[in-house]
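All residue numbers for the sequence shown refer to the working numbering, where the first residue is 275 and numbers rise by one.
Quick caveat, the hints were computed from the structure, so don't treat them as lab data.
Among the clues, some could well be false.
[Claimed, not checked] In silico SDA-like pairs for lysine to any residue, Cα to Cα no more than 20 angstroms straight-line:
#1 K304 to F405
#2 K304 to P409
#3 K416 to S398
#4 K426 to E346
#5 K334 to V276
#6 K426 to M410
#7 K426 to N407
#8 K394 to A323
#9 K334 to R367
[Said to hold, decoys possible] Here are the simulated distance ranges between beta carbons:
#10 G333 to E355: 41 to 51 angstroms
#11 R301 to G395: 40 to 50 angstroms
#12 G354 to V276: 33 to 43 angstroms
#13 T310 to I439: 25 to 35 angstroms
#14 R298 to G378: 14 to 24 angstroms
#15 Q372 to R429: 21 to 31 angstroms
#16 S358 to G303: 33 to 43 angstroms
#17 Q372 to D350: 30 to 40 angstroms
#18 H366 to M275: 19 to 29 angstroms
#19 R301 to G397: 36 to 46 angstroms
#20 R301 to D350: 25 to 35 angstroms
#21 C332 to G395: 25 to 35 angstroms
Don't be surprised by glycine CBs; every beta carbon is placed ideally from N, CA and C.
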Amino acid sequence: MVFRLATLEDVPQIMPIMEAAVARMLREGKQQWDETYPALPHIMDDVVARRGYVLEECGKVMAYGAVIYTGEPAYDDLDGEWLSDGPYVVVHRLAVSQESQGSGVATRFFNVVENMAVEKGIGSFRIDTNFDNFPMLHLMEKCGFEYCGEVKYKRGSRRAFEKLI
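Using the sequences and the hints given, assemble the complete structure.
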């Protein structure tokens, strides 16, 4: 598996992954994503800003996520307490292709992000998700994230987690 920056050429493979994730959440009655988020403009912004990453194998995109080192403004108003005060990496918009689900791809994505952060001298990994996104909640527990509180967005509050790396 290769982890790399996403390119504009990857967008035709990324969008079906994102659309399938949105459809699955809507089908399951989850409230985190919908027809307006994440959408093509969000992915294009990520790619152009060089924060969109893919995990691929044999030229096939298996997962996509935005890896951000410049902070998340919503995290400044956490209803709770972070484990650290220093710089952190955050992942948003993580989605795994239907064919790759359950095969450890998301765990691999997180592991590579952690290693990249450590190489940059960053000792913290933060992430948030909806209260009913059970696959992501399970992944965060499995990967050693600790619950820190609630973060509020215009679209509702999310459970916030941090892992010291």
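Broken hints, by number: none
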